[in-house]
Amino acid sequence: MLDPEIYGPQESALKEEHIAGQLNGMTVQQLAKAHVCSNDAGVHQLVNHWLRTHACMEPFILAAHRQLSAMHPIFKLLDPHMRYTLEINALARQTLISADGVIENCFTPGRYCMEMSAAAYRSHWRFDKEGLPADLIRRGIAVPDPTQPHGLKLLIEDYPYASDGLLIWNALENWVRTYVNRYYPNSSLVCNDRELQQWYHESVHVGHADLSKESWWPSLKTTDDLVSILTTLIWLASAQHAALNFGQYPYGGYVPNRPPLMRRLIPDENDLEYANFLADPQKYFLSALPSLLQATKFMAVVDTLSTHSPDEEYLGERQHPSIWSGDAEIIEAFYGFSAEIRRIEKEIEKRNANPNLKNRCGAGVLPYELLAPSSGPGVTCRGVPNSVSI
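To convert, count from 1 in the sequence shown and add 325; that's the working numbering.
Hints listed in this document are in silico derivations from the structure and should not be mistaken for laboratory results. Keep in mind that a hint or two might mislead.
Distance condition first, Cα-Cα at most 20 Å in a straight line; then the derived SDA-like pairs of lysine to any residue [unchecked claim]:
1) 538 / 671
2) 608 / 353
3) 675 / 699
4) 546 / 398
5) 671 / 692
6) 671 / 686
7) 538 / 446
8) 671 / 699
9) 622 / 425
10) 401 / 650
11) 675 / 482
12) 546 / 593
13) 358 / 616
14) 358 / 588
15) 622 / 454
16) 622 / 638
17) 538 / 527
18) 454 / 443
19) 622 / 546
20) 608 / 626
Computed beta-carbon distance windows for the label pairs [said to hold, decoys possible]:
21) 539 / 642: 29 to 37 Å
22) 517 / 470: 31 to 39 Å
23) 576 / 651: 41 to 49 Å
24) 355 / 654: 39 to 47 Å
25) 354 / 688: 48 to 56 Å
26) 607 / 538: 36 to 44 Å
27) 415 / 517: 34 to 42 Å
28) 437 / 632: 23 to 31 Å
29) 667 / 594: 53 to 61 Å
30) 657 / 582: 41 to 49 Å
31) 470 / 651: 56 to 64 Å
32) 443 / 680: 44 to 52 Å
33) 443 / 632: 22 to 30 Å
34) 543 / 589: 17 to 25 Å
The C-beta atom is built at its ideal place from N, Cα and C for all residues, glycine as well.
Use the sequences and the hints to build the structure in full.
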């Protein structure tokens, strides 16, 4: 209550009305932000995370196990990037994305969750746009620039995901190109490899049958085609999934800051709810958040998803590099790739300490470590595993 002896009765009343309006306005803004966050959380979980990494990788993995011999060079290359993915997807279908499962109960789309994911797949997903450079161009973040190693110029230079991701993409592409050129020195070998062609045909025409007639699918006729397809798959399984998954608990675990679900709409001035909102905006805001049970379920799930297991295998690591024991050239190339990944990690550390990069360094700014390749076990908000393993 403002003192009328200081301000005068009329001025005091006007100021109080103004301050109350500001407080209500702030709460409306908070409520609006919370609704935006809840919708963004649904898109993040169902489209960018589940659909674009877990689900869309699965047909390529199934086809690899069905069509490629364990001794096939491409199976050997992909093997660490397929680790545990089928298992974690099966568990997700049992408890997370199932009817009346955790996702339907704890996210705003509710029973329409998987319908939203399916609609995004039908109308927006394109394999030829899932590689990082093509994705950045599609989203208007970059333009082609042949003078750069990765062929792009970023329109937002201080964009940690893109700038760190392009370092990893470039390293992956160089490693894959060296590997492919070793076993496929000319394109005729790609065309005449029956196992390889059957793997890609099944991945597209059986695994992605709903979209198999689309003209945008890359062909598999040249060594460049094979390098592009394999680099995209490894990127999705490793760095793309890491960037989407392992920051979920640190960024969204505090539910009031980024609620996955809102139970009450923003009230219109003509709604009966508007009076309740004006009477106690904060109470209304809290009542709109997920229930205690919903919030607890959500927190438990994203905590689990954000946790690295003690036996995790990170980018640049292989449990069995001896798989190439008869090929010294490939072993040397792999160790060169591992060294490049370690160099990238040091570069990311240097960027996170650069005060000129305001989106990753400064007071109250978290360093961007989601694409820092190594990590210890637990919730670390960093680390790039080889595969979609959680």
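Tell me, which hint numbers fail for this structure? 1, 12, 15, 16, 19, 20, 24, 25, 26, 31, 34
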